[in-house]
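These protein sequences, in sequence, are chains A and B.
For the first sequence, numbering that gives the first Met the number 0 begins at 0 and goes up steadily by one.
For the second sequence, numbering that gives the first Met the number 0 begins at 0 and goes up steadily by one.
Where hints are given, some of them may not hold.
List time: in silico SDA-like cross-link candidates among lysine to any residue, alpha-carbon distance up to 25 Å [said to hold, decoys possible]:
#, chain 1, residue 1, chain 2, residue 2
1, B, Lys115, A, Val5
2, B, Lys115, A, Met295
3, B, Lys166, A, Arg197
4, B, Lys166, A, His201
5, B, Lys164, B, Asp235
6, B, Lys164, A, Glu195
Here are some chain A residues the structure puts well away from chain B; computed CB gaps all over 10 Å [said to hold, decoys possible]:
#, residue
7, Arg10
8, Met132
9, Ser134
10, Gly141
11, Met189
12, Met200
13, Gly204
14, Arg260
15, Tyr277
16, Thr296
Hints are computed from structural coordinates only; laboratory data are not their basis.
As the structure is a computational prediction, the values presented were derived from the model and not from experiment.
Beta carbons are placed, not taken as given, at the ideal position from N, Cα and C, and that holds for glycine.
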Amino acid sequence: MSGYTVDPRIRWTEWIPFLVALAAFFLLPEYLSLGARILIFILFALSLDLILGYAGIVTLGHSAFFGLGAYTAGILGAKYGVADPFIQLFFSGTTAAILGLATGAIILRTRALTLLMLTLAITAILLEVANKMSSLTGGADGLSGVQVNPILGLFRFDLFGRTAFLYCLVALLIGWIVVRRLIYSPFGAMLTGIRENRARMHAIGAPVYWRMVLVYTLSATMAGIAGALLTQVNQFVGLNVLGLEPSGDLLVMLILGGVGRLYGAFVGPVVYLIAQDYLAKQYPEYWYFGIGALLMTVVLFAPGGILGLIDKCLQFWKQKSSARASAR
Amino acid sequence: MPAVLETEKLCKSFGALTVAQNIDFRLEPGARHALIGPNGAGKTTFVNMLTGAIAPTSGRIFLNDQEVSKTSQAARVRLGLGRTFQITTLYRRLPVLDNVALAVAEREGVARRMWKPASRHAEIKDEAMSLLATLGLADDASVPAQDLPYGKQRLIEIAIALGLKPKVLLLDEPAAGVPSQESAKILDNLAKLPSEVAVLIIEHDMDLVFRFAQQITVLVQGEVLMQGTPTEIAADKRVRAVYLGEGIHA
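Construct all of the structure, not just a fragment, from the sequences and the given hints.
Written as structure tokens, this is what we have:
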């Protein structure tokens, strides 16, 4: 879904996620906090899809940016009295961007397994830092009492999570427009070129390394903003935003939905987080088993993720109906 | 005439193994030059040094009188050095048009633009499309590169390189692995290459070499054995002994 031959206009099906979200807002008022969480993870997954699905950069450390963004907003709101939500988002995005640029510039010279291990190391280091600097981060107890002012001075974060849900929905809408623009642009086409054949990219004169650092930084910024949203919605930050676990969860979500398809980042978190919510209620001790089974099923039988499976079914159905039409 | 590409005592060794030894080579604008030599003669190493994929042990390389011995691969491309690969190196899953458009966009400095959709950059698409048309690939523009027969994939290789509007074009075995009836089609297209472009071709297909090249350099064990017109090369006893003779027996 990028390149010089595709039609860049938005098809009506692309609005479905937002229509579903609005419907959920009115029909499922008791699930709005889960809903906000899902929207945040969709934004987070979109940022991962940009580097993994389009540029082909593998990472197990994307939580470093999410976590840094979450803690930046948290520390500003709890320790420094900076309670304006947009200022918090701005600083979270900035710190994540700086980390993305600094670490990307170093690790993107490596590839494959080495790169995977380095990304993992960075988020593991951040987790340990957050754990040890408890005067600033609250350590293992987490950071509570994060102040967040009403949005634009008008909309308070209410107990039912209505404001939070709509706030996250708007943030996701903006994030989606930006990512969609990016991947349909020549830059996006160039990213798929890096994914498909790096040797060829060098041979057509592309500064591959700098382009990767750039997209890595953009993706980090988005992940940082997603992290800040989580802090603002919960008014709390815990250590669980850093380290391997959230990175791994995110990767599983994206693989479930479908990598490099833009909307896989929408489907994955919905399926994963709803399954997690349901399974954790039904089988509090074994819920990860259910997630594992789901992942194995998808990887074995639908390597393109849920969206890939839907694509295949649609193609099969089209072929069948066109075969029937030509038989007549 | 000033050379567009020139090397001066170019050497490369991997440990004790010397694969290029004092290669002096020059290519003039519009040249049709072939590099031949038996397997292991160091042809690919030589090309890789020219493009910047590997660094020479010693010696210098000039592109339009500018020394590029230590310049990056991408920078040399921007200075006008295009290449094709011996092993087909395409964006296999991308449409044929995109394969070429990526190169055109890179040359035009469009590739880093992030807002306007790629498919609305008509100037890039049109140029890629007309390139495909000259190579007879216009009908395949929207097909993924991997779905085309091998002969056509070899032509896409050339189309990508031409999308860079190179001053020097290095063709690394453009007909490698192509059945002989299709290699004629590749030769036809090579004959149509813009006349101002200097072309260096590395090829095993002697038929193709002798029909295409005006000058031939013979490389044996990392050294230039001789250089001359096809007639001179064909008449030379040493060349026949080390190269053409082997070819006939093989």
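We went through each hint and held it up to the structure:
| no. | hint | result |
| --- | --- | --- |
| 1 | Lys115/B / Val5/A | holds (13 Å) |
| 2 | Lys115/B / Met295/A | violated (39 Å) |
| 3 | Lys166/B / Arg197/A | holds (23 Å) |
| 4 | Lys166/B / His201/A | holds (17 Å) |
| 5 | Lys164/B / Asp235/B | violated (36 Å) |
| 6 | Lys164/B / Glu195/A | holds (23 Å) |
| 7 | Arg10 | holds (14 Å) |
| 8 | Met132 | holds (36 Å) |
| 9 | Ser134 | holds (41 Å) |
| 10 | Gly141 | holds (37 Å) |
| 11 | Met189 | violated (4 Å) |
| 12 | Met200 | violated (8 Å) |
| 13 | Gly204 | violated (3 Å) |
| 14 | Arg260 | holds (13 Å) |
| 15 | Tyr277 | holds (36 Å) |
| 16 | Thr296 | holds (25 Å) |
Hint violations for this structure: numbers 2, 5, 11, 12, 13, all remaining hints satisfied.
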